[in-house]
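First to last, the sequence lines map onto chains D and P. Just so you know, we're using this note's numbering here: the first sequence kicks off at 1 and counts up by one. Just so you know, we're using this note's numbering here: the second sequence kicks off at 1 and counts up by one.
Honestly, I wouldn't trust all of these hints.
It does not matter which identical chain is meant; a pair holds if it fits inside one copy or across any two.
[To be verified] Straight-line C-alpha distance at most 35 Å; calculated DSBU-like pairs for lysine-lysine: (1) 252 with 400; (2) 552 with 491; (3) 382 with 2; (4) 126 with 59; (5) 83 with 59; (6) 491 with 337; (7) 510 with 175; (8) 431 with 509; (9) 432 with 483; (10) 484 with 337; (11) 280 with 199; (12) 170 with 510; (13) 179 with 280; (14) 163 with 115; (15) 275 with 129; (16) 435 with 378; (17) 53 with 71; (18) 45 with 483; (19) 373 with 71; (20) 333 with 402; (21) 129 with 57; (22) 549 with 280.
Derived from the structure by calculation, the hints contain no laboratory data. All values reported here derive from a predicted model rather than from experimental measurement.
Protein chains: 2
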Amino acid sequence: MKLDIIRHSLAHILAAAVKELYPRVKFGIGPAIENGFYYDFDKLKISDTDLPKIEKKMKEIIRKDIKFKKKKISKKEAKKIFKTQPYKLELSETKSLSIYQTGDFIDLCKGPHVKSSKEINPNAFKLTKLAGAYWKGDEKNKMLTRIYGVAFETKKELDKYLKIQQEAEKRDHRKLGQKLELFSINEEVGAGLPLWHGKGTILRHIIENYLYEELTSQGYEWLTTPHIGKLSLWKTSGHWDFYRENIYAPIKIDKEEYLLKPMNCPFHIKVYQSKIRSYKDLPIKFAELGTVYRYEKSGVLHGLTRVRGFTQDDAHIFCAPDQLSNELTSMLKYGLKILKTFGFKDYEIYLSTRPKKFMGTLKMWQKATNSLKYACDKLKLKYQTDPEGGIFYGPKIDIKIKDSIGRPWQCSTFQIDFNLPKAFNISYIDKKGKKKEPILIHRALLGSLERFIGVLLEHYEGALPLWLSPVQIWIIPVGARHKKYAKEVEKELNLFRIEVKDENETVSKKIRQGEIQKIPYILVVGDKEMENKSVRIRQRGKGDIGEMKIDKFIDKI
Amino acid sequence: MKLDIIRHSLAHILAAAVKELYPRVKFGIGPAIENGFYYDFDKLKISDTDLPKIEKKMKEIIRKDIKFKKKKISKKEAKKIFKTQPYKLELSETKSLSIYQTGDFIDLCKGPHVKSSKEINPNAFKLTKLAGAYWKGDEKNKMLTRIYGVAFETKKELDKYLKIQQEAEKRDHRKLGQKLELFSINEEVGAGLPLWHGKGTILRHIIENYLYEELTSQGYEWLTTPHIGKLSLWKTSGHWDFYRENIYAPIKIDKEEYLLKPMNCPFHIKVYQSKIRSYKDLPIKFAELGTVYRYEKSGVLHGLTRVRGFTQDDAHIFCAPDQLSNELTSMLKYGLKILKTFGFKDYEIYLSTRPKKFMGTLKMWQKATNSLKYACDKLKLKYQTDPEGGIFYGPKIDIKIKDSIGRPWQCSTFQIDFNLPKAFNISYIDKKGKKKEPILIHRALLGSLERFIGVLLEHYEGALPLWLSPVQIWIIPVGARHKKYAKEVEKELNLFRIEVKDENETVSKKIRQGEIQKIPYILVVGDKEMENKSVRIRQRGKGDIGEMKIDKFIDKI
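Using the sequences and the accompanying hints, generate a full structural model.
Written as structure tokens, this is what we have:
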């Protein structure tokens with residue numbers, strides 16, 4: 001809270017500094033945001049190289065111990081004060097009005113702010129970047145110049161943040177994805193719609209097949225459902241009413257409206273309903289790698305982690321009430337095992353309980369929430385409660401996985417749903433021959449393949465573990481006369497994903513390329529290796545680790 | 001041609017017979033169709049059981065040696081002749097008019113017809129079914145009653161046809177799909193949009209993985225592309241202009257129009273264009289199991305073989321002109337090998353040449369057509385030429401596979417495309433460092449997974465070969481005390497897809513169910529088997545083949 005106030009006040013100080021340096025500037029707005037603040041300006045023509053100058057001016061202002069003075073004003077006064085500031089005038093029409101004066105700079109603002117600039121540590125903030133931003137976020141309006149800054153209470157915190165940022169930048173999956181030739185995003189195809197190239201598809205295939213084998217052995221049945229379906233399904237499910245802003249406009253086919261599917265649930269329910277289900281069949285567990293399409297504003301799209309089309313590792317579990325606790329426990333246990341296989345061992349687990357508006361009875365919520373708690377306790381998992389954070393249709397557990405630099409990423413979710421079984425009137429026949437309503441659990445482990453691969457890339461800085469590497473081994477023949485032997489080595493290693501790099505280029509250039517592409521093992525073969533039936537090995541991250549017989553190398557990996 | 005005339009004349013005789021039996025009937029139209037004919041009637045309330053009576057009346061008419069008399073008439077005369085026949089009156093407005101008289105029945109018709117009914121073999125036709133059909137095929141019009149018939153020159157041909165029909169009915173993949181629990185089609189989801197259940201998804205997975213491994217070893221790179229993309233891509237490709245009636249209406253996203261993808265080509269081209277390609281990289285072969293959506297009229301939808309969404313085993317090969325012949329030869333050779341693996345050994349191969357309207361130069365067509373011929377000749381494949389049957393953008397080879405009862409099914413296609421490389425301006429750098437245009441080949445082997453699985457089911461009458469069977473083995477314990485042993489056997493056979501059927505039901509009932517589901521091996525285990533570490537085997541199609549040690553059974557299969 002205190003930090004928010006500091007950040008907000010820094011936005012004003014930024015505006016004050018810009019006003020001193022560029023007096024003809026027009027002011028937009030300047031709020032506190034996560035980790036910092038920004039201010040939008042019109043008639044400001046600057047570049048990144050001007051930021052240090054502005055930062056310096058801000059520090060001067062801070063050191064002057066300038067007061068933040070609040071005053072209530074009338075609309076009429078506002079019109080006078082801001083007569084040369086069109087954006088402020090526009091805001092004067094709609095807001096209950098107060099102003100803050102900071103030195104020469106007056107802003108229309110509700111506050112709160114620090115009392116004096118001396119409360120701000122001049123060494124604990126930094127202007128980070130310039131960006132274009134439409135006035136009021138509407139692309140019909142003028143594009144303003146936005147200056148971003150980050151701010152903390154201490155210099156130490158700032159330095160730590162900047163270091164993590166630097167780390168994060170090295171790990172940016174968008175850049176890594178390009179370097180490793182995994183995917184591309186092409187404006188001609190559409191924003192938020194990645195094209196997966198050959199190596200990216202291999203990576204997807206490895207993950208997909210791993211999930212397929214694992215979940216099959218856990219009794220899941222895999223389904224394949226279409227990407228469109230009648231709108232009425234999502235009206236019945238309630239999604240049309242609750243999530244319409246994320247659903248694309250319907251397509252008319254033969255006078256009926258169809259949706260590009262935003263979620264798979266109705267299809268899985270229709271498969272459940274395709275025959276009569278008995279208590280003996282429960283739990284029924286349906287899984288699908290279902291590609292769904294949801295609208296996101298273009299401004300929030302980000303590489304693979306925020307897209308418009310993504311492949312959920314979706315599952316729906318239909319069980320009897322007395323199976324709920326055990327099902328959740330086994331799902332959670334198994335889910336964590338799978339996350340661990342991918343290299344994620346630290347999590348934040350959140351249990352979200354009944355919100356103010358909810359469906360079903362208090363008793364149902366109590367029982368379901370207890371089942372979730374039971375599962376966590378049984379597995380000795382620490383969790384935080386998110387009170388009233390459940391969705392209207394049931395309580396849930398969310399897992400955020402922590403990557404190698406400690407950033408949390410929302411991935412897994414286990415949601416109990418009291419709504420859909422009612423809405424679709426689904427049932428099973430119990431021991432006594434009576435119709436009963438099953439409990440439905442939605443669960444995703446990785447969340448989506450796209451997002452998860454994005455997280456994997458950032459977690460490993462692109463150096464994926466051997467089993468996930470699209471290309472595991474490069475074989476580089478030193479000269480033309482070693483090509484045949486290179487092919488022989490390839491054959492012997494045929495259990496692995498290999499490329500023989502026999503283009504006419506220098507060995508050192510090929511090694512450099514292999515390192516850029518983060519190939520786990522680069523094998524160089526020349527006269528000596530040919531003679532010894534061996535390979536010279538460069539291991540990723542370790543460099544040259546010497547010569548080794550082929551058999552021994554296979555054993556090693 | 002002669003048969004068409006007989007069939008058309010039979011339609012008139014059908015109308016004449018119906019007129020005699022139901023004088024108040026109103027006549028629609030009655031053309032010859034594949035294998036037979038139909039006639040549409042209004043104000044005809046009959047059921048299937050009335051067909052023999054009508055058939056009998058038709059035979060009477062045929063035997064009367066009735067003449068088909070043609071006469072040109074004016075519009076005015078037509079109005080008089082058909083004054084009680086509203087549908088004929090409607091047609092009188094638009095057609096150049098002639099009538100045919102057959103006994104008492106007069107039809108507005110251009111002909112041609114037989115001269116006399118004695119030219120028709122009264123024992124070589126059969127009325128087959130009733131159906132509803134909208135007047136002029138438009139659902140806004142009234143639904144008429146359509147009577148279908150089949151007709152040939154000889155009774156022998158008719159009998160052969162009816163027998164194949166009967167065979168085909170047993171093999172109907174829609175019924176088999178339900179019995180084998182592979183898929184369902186649900187009106188609430190949408191016509192032509194199959195939902196693949198657990199076992200169906202296993203079957204898809206087997207086929208997908210087989211293709212994945214095979215094509216990867218052949219140097220294909222697999223891509224994964226979205227199901228929507230900007231409309232402008234298909235405007236550039238020309239699909240929007242040429243195939244619009246099969247493309248669903250665009251979806252608006254952020255003021256831009258997107259299509260549910262009707263074909264994958266533009267995406268593959270965008271991946272090709274994502275970096276500079278050298279002659280050294282060619283041929284570049286991209287494959288994708290891409291699910292596309294195309295509009296088909298609801299009336300023509302049929303199970304899996306005619307759907308609105310299907311997964312093409314699509315590929316695009318970019319090669320240099322001098323690589324074309326070899327590429328085509330290897331694709332064709334390899335394609336036939338894959339079809340053979342699925343059990344298809346007989347084909348009809350069609351080579352389609354330059355149509356009247358075409359793109360590119362005569363020389364290009366010549367060269368490409370010669371390459372296709374070269375490939376066929378090299379592989380000693382017999383093919384038929386379909387003169388001028390090529391698509392405007394290039395010549396092609398189509399393969400129809402023949403199923404076990406001799407029916408041909410269009411599956412594979414190899415199409416050379418001169419259009420897209422130009423439209424998208426794609427290039428590679430040749431030896432001299434100059435930009436060159438590659439040749440593009442579209443190819444699908446199975447056509448689509450949906451259609452191919454439909455054909456597989458009909459070909460094998462549901463009894464899929466072991467490697468394709470979603471469930472390969474059932475283990476049935478005789479009594480409760482054999483359940484543990486059944487589980488042990490399951491473990492020993494863990495390389496196979498197995499279900500242990502230990503529900504409380506009689507062994508004979510379970511065996512019957514297993515036979516309905518066409519399980520390749522049903523293993524029954526009781527006291528004797530438990531003692532001998534053996535299983536009692538029922539092999540599909542053979543019944544009980546005796547007891548066998550587990551090891552020996554594994555060797556056997």
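**OP:** Please write out, lowest number first, the hints stated earlier that are contradicted by the structure.
**Re:** 18, 19
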